[in-house]
Structure formats: structure tokens, C-alpha cells
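*Asks:* The primary structure of each chain is shown beneath.
Number of protein chains: 2
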Amino acid sequence: MQRKLKTLPLSKVKIKESFLGSRAKVVRENTIPYQWEALNDLVQDAEPSYAVRNFRIVAGEVEGEYGGRVFQDSDVYKWLEAVGFYLEVHEDPEIEEKADYLIDLIEKAQEPDGYINTYYTLVEPENRWTNLRENHELYCAGHMIEAAVAYYKGTGKRKFLDIACRFADYIHSVFGYEPDKKRGYPGHEEIELALVKLYDVTKNKKYLDLSSYFIEERGKNPHYFDLEAKKRTHSNRNFDNSYYQAHLPVREQETAEGHAVRAVYLYSGITDIAAETGDEELFAVCKRIWKNVLERRMYIHGGIGSIAYGEAFTFDYDLPNDIAYAETCAAIGLVFWASRMLQCEPDREYSDVIERALYNGILSGISLDGTKYFYVNPLEIWPERREKRNDRNRDRQARLQARRQGWWGTACCPPNIARLMGSLGQYIYSYKDNEVYVHLYLDNETEFEINGQNVVISQKTNYPWDENIRLVVQMESELEFTLALRIPGWCRDAKLMVNGKSVDINDKMTRGYALVKRLWKQGDDVTLRLAMPVERIQANPEVRDNVGKVALQRGPVLYCLEEVDHGKNVFDITLPRNAEFSIKYDPDLLGGVSVISTTAYRSEENEWKNTLYKIANNNRKIIDIQAVPYFAWANRAPGEMVVWIKEC
Amino acid sequence: MQRKLKTLPLSKVKIKESFLGSRAKVVRENTIPYQWEALNDLVQDAEPSYAVRNFRIVAGEVEGEYGGRVFQDSDVYKWLEAVGFYLEVHEDPEIEEKADYLIDLIEKAQEPDGYINTYYTLVEPENRWTNLRENHELYCAGHMIEAAVAYYKGTGKRKFLDIACRFADYIHSVFGYEPDKKRGYPGHEEIELALVKLYDVTKNKKYLDLSSYFIEERGKNPHYFDLEAKKRTHSNRNFDNSYYQAHLPVREQETAEGHAVRAVYLYSGITDIAAETGDEELFAVCKRIWKNVLERRMYIHGGIGSIAYGEAFTFDYDLPNDIAYAETCAAIGLVFWASRMLQCEPDREYSDVIERALYNGILSGISLDGTKYFYVNPLEIWPERREKRNDRNRDRQARLQARRQGWWGTACCPPNIARLMGSLGQYIYSYKDNEVYVHLYLDNETEFEINGQNVVISQKTNYPWDENIRLVVQMESELEFTLALRIPGWCRDAKLMVNGKSVDINDKMTRGYALVKRLWKQGDDVTLRLAMPVERIQANPEVRDNVGKVALQRGPVLYCLEEVDHGKNVFDITLPRNAEFSIKYDPDLLGGVSVISTTAYRSEENEWKNTLYKIANNNRKIIDIQAVPYFAWANRAPGEMVVWIKEC
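Just so you know, the protein sequences line up as chains A and B, in that order.
Residues 1 to 648 in the working numbering are what the first sequence lists, from first letter to last.
Residues 1 to 648 in the working numbering are what the second sequence lists, from first letter to last.
In short, the hints are calculated from the structure, not lab data.
Hints may be right or wrong, so weigh each one.
What the hints assert, rightly or not - Partner residues aside, some chain B positions facing chain A, computed with beta carbon under 7 Å:
| # | residue |
| --- | --- |
| 1 | Phe315 |
| 2 | Trp382 |
| 3 | Asn540 |
| 4 | Val547 |
| 5 | Gly548 |
| 6 | Asp572 |
| 7 | Arg577 |
| 8 | Trp608 |
| 9 | Asn618 |
| 10 | Ile622 |
Claimed, not checked - From the derived model, a few chain A residues whose C-beta atoms are all more than 12 Å from chain B:
| # | residue |
| --- | --- |
| 11 | Lys220 |
| 12 | Glu281 |
| 13 | Asp369 |
| 14 | Lys460 |
| 15 | Glu605 |
Idealized CB from N, CA, C, for every residue including glycine.
Could you build all of it, start to finish, from the sequences and the hints given here?
*Replies:* As C-alpha cells, this is what we get:
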């Protein structure tokens, strides 16, 4: 087993302003500066973060007590990582200055042995590494390492990378198989994949070995978390070890279990180690857990995690729509993992998931202006149920809301979206010797080195609103290579033209990619037409919550019905099985989206006054409905929303 | 306002063995002896009750520590009440001896001042009346009083009644408006309605006044529960005052709130006080809360309480099917309340609810053999979801199960069913001077005194399986009176014959009753035919969980689909809107029930292997389905069940 494809440095991928590009631009222009304010507790009407303040206290700049959760440092790191990604492509001295200031603070927070964690330094310095299960020290370290790598790549500055290496070296001295080391591993995975990134830039193999150690040791008996817990006087949590994916040694795991974000971060790390070490058995673990997620535990919008309690996977086909957790971070983590799988094994089943999550369950997590966020991304909502049910789970279910928030106590998702959108360029293409894979379709101009020659590929498209994608190849001299074009799983009718001539793709398909191998010349022009009728999508009938319902999808974009378009009770809209749909692009709606229109049924509500149950009379009225892209819901007014529409 | 109708002593109503009668007989023959064993911790494979043992410890018969919840005494009382009801009609020296033994124990547990509560006597004798909100002393007292009244009526023995009066006298000396008394009231209502029963047999008005006091004082400011809580060092609970229906003074309450059993016990007590005192304003409170329940907060099976947390009402139209709480006790309490409303205001809307709950959401609470019980009565269940979701509510949701239990820690429901079925005779008829109301249809022979003359009415029917009900009037001499026959709300076609001649009921209808006034003679024969086609019932579309679904009902009996008849995934059964139903009585199935058969649709599951989402193809196959009465579900094998079936 080897990683078959490579991704490009972000600096090689110039994203233009079509749909996804404009979303990435909003993140750069609005979200990054907004989150600086939020992390510095400067946003009015939003909960304070305390994240920067904690570093300033450690650095002696201000006085005060530690604020926020034990993992608050990670929000600073994720923001820095996003900044690193953007700086790799766009100069921005103002933001860079802020980032450098933060890095100075981080340096000051680093203890002489290399350790950094403002919570432990300020609150319980004597208890370092005593609660790996719950207290996120290694998780924060992982995010610092990822940020440092991105900032080094984005700016060329080594300072942050050196800080990270010192911390990683110290961690390496604490954890491992040697008798004098702790045999622990993190309660929240993240450092595993981060250490592989650090190895990638430093080529220092001990980071790879440490990552491998964390993965292999996980879940073994005697169980570290249990031994550790016995030495403590209290525990914050009652979760069992499956919540931490530590119920079994990693190589014995069969299904996706526990906290969804933890899970996909771990699976990403496992995939990295499998790819770096060529470990087939480890890759087989990834494959079978992937199949479990893809075939039984993933929402149609790419979200994962079915319930608030534990923010967790539950069991096969348990995908409730109203209490869906589908944390934004979990869908992002799924993209991280899918992308790693894709480089190992070029197959549409991975890139389809990347696209599914990106256009739906991730973009839904951020408002159109980039400054409000969803933690939880339900597939339907009846806001009264969330507001009025006095429920034992209310603290966690409170995150399940009908409006996005400016910030909140555990604001893991907002900077996670920022870093994903900042690194969008790495998900569009992969390549190897003489093959270029095109995974995502959006306007960009990208430079490859193929067999020693520079090749520039330009994409021009109004995807996902338009069916046509044009790719133009620019190069100095002729060169034979394969252009592998993803034909999305949602597409029933794809047409390809090269230099204006139709090309039959049926004999070119390999695992969902049309492999166009030819002697390419300067100016060669490829046009791909992916037919985008409105599709009624059904879920496997084992998903009991979706029987008798369809979701509307056009291209990669999932649609929903909102109260703002239909009045109260969008649940009472039923779609005829033979509905005919029309599509219209509305440049003034929701930042410019295509809207689906059709007619549907609704109850004759005036028959029902003061009646709760009565004999069915089959009366119903016909109404016009319009579905809007799910990712854009709750950008006009809060209210009811459904993705899965009843059919009749 | 006055109570317009009276109920009959149980001794006057001889129930025969048609459907409901045979259920009542099972309770007498199986349930009462079984529960004696359970209360004495003699049932293997069931959780111990400790309830009798606590009394035996107090009486010095055994040594040990108090066991069970603070309200464990009430289970003994409810069993004794059921025994009292049955002894009023059937001699049973063996059970009577056991009951007398318990009453001796209760006498020994009575402290010199009259107080009885084994929890406080054994565990915290110094803390009597310090935690009215949570600790159920007055609730247990209420159940003791109800039991004592029933036992006195059933056996003529005064001993238990005297014990109850001594306790009630003591309670009267502790609580009230006088400055030297506590201004408290119970956290769990029950004593209010019990004191009215005690007043009814003793004619001692102070019991009525005390009941009235408890009702009027409830929810006033300064709030007793809050003042009381301040004096304690700890609290078991975090519920707000609406859980206890103490969020507002009773006269200001508009909607049904909080713990559903508490609520309907309170509303029963309020109705009693309104009826006894002629207080129109108080009755108006009952009416408006009744309308709120009937029109917005009641399940189709007569269950109430939408969520496990707080076992509580939530908000209008929030009637989830899978997490429905619908505690058996709550449906029973709804019958208590409806019956009281019905005596004040003869109207089918009350008797329809009695019938709805009785045949569906209450009978479901007990197995066909009378020895297994449901605490919670969901409208659908996917057992895997209950077993595999590791949920924060799991302790309470654990009560939501796919199989009935032999006993459990808070076994309030089993003896509650026993006392309801033991007092079934009081729900069939009401009467006044020269009117006899027939509310329920089942085989019985009942003696009335109308204008000083004895009249015996015999009902002969195989209801609810058969449409025909025959009533024969026996009397010494002719007498004019009105026979008021309930025409159930579910019935679209009722035909009446008197002595073989058709009588048009259309001009005789008053609030759902056909008032047949005539000069009755010996042997007059009334035949009522209530057409019972299978009806597809819809819920108000505001109930978002039921849009696009129908429930099948025939006569008063609600039906469901069970896994045992259809294999896994009964959720994947869709009914055509034009389905044609056939009905067949099967004497060998589930103790003898009518089964509904029809054809329906199911997914082509072999299209779905390893696929979670795909483009809808409208394929489906036609299958035969059979629906069985909901009350009898889970008597064959545990499995999936749905009441609300998708329509297409």
C-alpha cells in the first residue's frame, strides 16, 4: 500500500470567484478578521472566547484567571492555521502582523521543557498529563503543530515551526513504548495527523513514529484511561471508552464509534500512517470503517454524529433528522479523512463525499456573510420543539438552533470552517507522474509539473449552478498525460468534448473518473457537461426516519423547504411522486442561488380547527413551493425547515 | 354548577364476560394475586418492591432497612384499593385475609398522632413535612384514603377507614390557612381527590375543606416550595414549578403543564371541588385545561405526556411517536378526570376519551395474562434505537421498552391498572332522577333505582368486535325515563331499534347522546348498531410527526403493525390512500381479536444493498399486511411496532 496521488501546494492553485471561490473569499475577507475579534473577546452580543486572553495572561501582558474550556488554546491555533493557508496565496500584512503577535505570545507560553498549554500552566500546573482522557493537552498540541506547519508553508517563517518542534520533541520524550515513558494517548485525537504533517515538513521520522505509537497503543489492555482515572479524584464524564474510539485496539475496530469529530480525526491519522508506512492491514481498518460510515452512518448532507449525547455515532441507519447532531467540525473532519483515502485510492466514492459535505453540511455551518455559525446541522427543525421542550439534554441540544450564533463557549466549528475554506485549493486536484485528477469543479488556474514540464490547467465554470465545465490546458510543448475527470455519483448523464469533438466516456471510466489520456497541446480545450436535472433522492429504507420521503438535489446541492417561503408548518408539505420541477437562478437570493419550484400538496387546515384526530377525507390543496439550497438555510429568518419531504 | 349525574355503587353493576369483562376478570384472577407476590418480593426475575416489607419492618415483624422509593407505601394502598373494589362484587376470603393482614400492618405503622409513612418513620423521622415538593407524604396519604374508602365500601369493615380518618384529621391539624398551620401542599397531587372521597363516605366537611385548601393554595406567592427548599440542605430535583402544576395559582392556569400524572390527579381534584361547591370559576379552569388536552396534547391512544424528561406535557401539538411517554398511570388519571367532568356535564367528549384510553393506551399497559406491564406506551418503536443509543436520558428512556416487565422500582402503573379495572363498573353508566346514561358498551346486568322503582338494564354485546349492542329493560311496572345512549364520536352510522322498530336518532341527539325517552315496560328491547368499518384516522397537521400518516381504527380500537407479522422494518410499510380493508375475528389470536387485513407497499430492499442514498425510482412491491389491536401489541414477540402508518 502506498499513497498513489499527491496534492498540490496551495500556492499553485489560484482559485477564482465562482461559487466556492466566492465563499472562500468571504472567509478570507470577513471571517478571518471577524474571528480575530471574537478570539479577542471584542464581538458584542457574542459569548467571549477568552482564547487569546489566556495566552496574554501567561505572557504577563494582562492579569486575570484562565477563561473558557480546557481546550480553548486550540481555537487560536485553528485560526492561525487558517491564516497560514490564506497567506500562502494572498499577501495580507495586517493579518500577518496579528498572527506574528499571537506566535510571540505562544512562544512566551512555552515552558522551558517545551510544554505549552495555557490551561495547565495557569490552573493546575502540577497536573500535566494526568487526565489525557478528558483534558485535551495532546489535542491542543496537535492543532498547534498543524498551525505551525501551515504558517511555515504560508510565510516561510520558521519561528512557530520551531516552537512546535520543541513541543513535539518534549511530547516524544514523555510518551512511548519505552519503560520510562507514559503509555498514554489522547482522549481527543488530532495529534496523530498533525505529527504526520510535521514529519512531512521536517522529515524527522520520530514524529511519524510518535504518531504511529499513539495509534497503535489506543484501546489496548490494561486500559490506560482506566488506570489513569483510578489515580484521579474526580472525573467530568461518564462516557465509556467507545466515545474515545478506545473500546478496542485500532486494528480490531470494525465500525465508526463514539464522538464523531474524534473519530474522523483518528481515522485521518490512521490513513496517514497506513499511507506512510505502507501498512495494508491498517489501511484495511480504514476501508471497513469508511464503508460503515458511507453505507450506514452518514447524513445526506455529509454530516455525521446522530445524537447530541456524546456528539456521537450511534448505530447503523440511525439517522434522525430533527435531533441530528451532524456537527460542522465532524463533516469537516470527514473531508480530511476522505481526502486522505482519495490520495491512497483514487475513487469517486471519496471525492463524492468531499463534495457532498462541502456543498451541504459544511457550508451550512457558516452564514453567507461569514460571521455567524452553526455548531449543529439538523436535517429538519421545528424551532418550538427546541425552545419549548424542557429536556434533560437541553444544554447540548441548545446547540441545535434555528439561527446561527456569533460565537459560543465551545467554538470549535467557526475556526475549523476557516481553515477548511482556507485550504480549499488542496481538494481540487491530485496528481502523480503523468496523471492529473480533477476532483472538484470551480473556477481556478493551477500549475502542475508533469514529467518535468510546467502545465497550467484553467477551469471555467459556474458550477454548481451551471452544468458546463471548461478546462483549458496551457503548456510549452506537447506532452502525453492523463486527465482524470471525476464524473460525480449524482450525475446520470455526462458528456465530454475535447477541442469541440465529442468523446465517449463510457470506455474511459475507472472508479468514477473518466481517464482522458492523450498528447495534450497548448490550448487544448475540454468541456464537460454534467446534466443537472432536479433529482428526488431516497434513503435506504433501513433509515426508518426517511421512509416515504425524498430529498431534492440538483448537482451536488441539497435543497430544503423553509418557513420563510411557505409559512408555518413546512412539515405539512407533500410532494407528488410525479412532481415536475423547474429551476431558476436568482442572483439576488441568498447571494445567488438556483431555486427549485414545483407544486405540492398541503392540508386544508381550516378543516381542523380545534380537532386533533378525525377520519381521513383525503382533502388537500395544491400549493406552489420553492426549495432553496440547504447550505443557505436560516440566512433570511429563523423558522421551520425540512430536507426530507414527504411523498405521496 | 352542580354535579348533574351520579355513578352507581360497584355492587349494582354485574359485569359479564365479554371483552372488557374478561380483561377485568384476568385482573381479578391473575393480577391481584400476582401483585401480592410482587409487593412481597416473591416474584423471581422481577425487581423487588420492598413495599410490604417496609410496613413489616415498622411493625417489628422483620428487621431491615427501608427499601425502594419514598413513595413505596402507595403501591400497597393501590393494591388494597383494587382489592376493595373487587370485594364489593366478588367474595374472595383468601385475598380478603391478605388485605386484612396488610391493614393490621398499616395500623401498627400509624404513629400516635395519626401519621403514617414508612419512609419517614424508618429513615428520617425528624424530617416529616420538610420536603412536600419531592417526598410524596401527602400523595401516599391520598392513596391510603382512597384505599380505605374502597375497602370500607367493598367489605363494610371500618378499621381501615378509621385509620384513614385519624391520619386525615392529623393532616388537617397540620395544614391550612390558620397562622399556626403550614401553608404547604403536595408536590404530587392525589390527596385532593382522595379527601373528597373521604368526605363522601363520612360527610365530614372538614375533609372537603382541606381538599379545597390544598387546591387553592397551590402556586401562590410567596411560593411554598421555594421557601421550603431554602430550609433544606439539598434537593433531588431541578424541575421548575410547572412540573408540579405550581407555576401559577390553580385559578389562573390555562394549559396542561408538567408531570402528566400529577396534572390529571390535580385536575380530577379540582373538578371534584368545583362539583361539590358549585364553583363555576373553578369548573371553567377544568374546562379550558380539558380543551387544551383534548385538542392539542393527547395521543390517539389516550396517552398523555410527550417526553421522558419530567414524564411531562410539553407544548401544543408536540406528540412524538417514538419517544412518547404516555405513562399508563397518566392515561388512567385522564379517565379519572374525564369521568368527573362527565358527571358534571354529560357530553360525549368526556366518555369518548374514557373509551379511547381504556381500549388503547391503558389496556396496552398490561399483558394479556395480567402479570407484565408497560410503564410507557409509545406509538411506535424501533427497539434497536432504545437499546443501542447511549443517551443521557437512558435511565428514564429505559422505561420505553419493547417488552412488558414483571415489576420494577417505580411500579406505580401495575396496581393503578388493577384498581382501574377493579372499578370498571363505575364507568359504564351514570344516572339521575329519571335519566340513565350509557357510556360504555359491554356485557353487564345493572340495577338502578329510578323514581323509587328498581330497573334492571342488561347489556348483551360482543363489543368492540361486533357492531350490535342489545339492551333489555326489566322492571315491575311501567315507568317513564330517558335512556341516554352514547353514540361514539368515531361512529358515522348509528342505527337504533326499540322492540324491533327503527327509531330515528337524529332528532334525539344531545351532546353525543341519543336520548330515548319513553314509557318503558318490562322486557323492552333496545338494539343499537354502531357501524364499525375500518377508519383511516388523520391527526391535525399541526402534529408534525403525523403528517402524511394515518392510524387504523375500528370502533374504539386502535390498530398497529407489528414486526412479528411483517418481519423487520414495519416503518417501511406504506398504505395506499384507497386501501380496502377486511376484518376477521380470530378467536385464537391474542386472546381473541379482530384483525384488519389489506395490501400495502414496501420497498424493494434488494435494490439497496450497501447503498445509503440513491435517485428515487418509484419501485415498490405489494405486500399483504395485517394490523392487530394496539392494546395487544408485544404479547407475542418483542419487535418493531407502528401505529401511524405512512400513506401514499
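*Asks:* Against this structure, judge whether each hint is valid.
*Replies:* Now the hints, each set against the structure:
no.: 1; hint: Phe315; verdict: holds, 4 Å
no.: 2; hint: Trp382; verdict: holds, 6 Å
no.: 3; hint: Asn540; verdict: holds, 5 Å
no.: 4; hint: Val547; verdict: holds, 5 Å
no.: 5; hint: Gly548; verdict: holds, 4 Å
no.: 6; hint: Asp572; verdict: holds, 4 Å
no.: 7; hint: Arg577; verdict: holds, 6 Å
no.: 8; hint: Trp608; verdict: holds, 5 Å
no.: 9; hint: Asn618; verdict: holds, 6 Å
no.: 10; hint: Ile622; verdict: violated, 15 Å
no.: 11; hint: Lys220; verdict: holds, 22 Å
no.: 12; hint: Glu281; verdict: holds, 22 Å
no.: 13; hint: Asp369; verdict: holds, 31 Å
no.: 14; hint: Lys460; verdict: holds, 28 Å
no.: 15; hint: Glu605; verdict: violated, 6 Å
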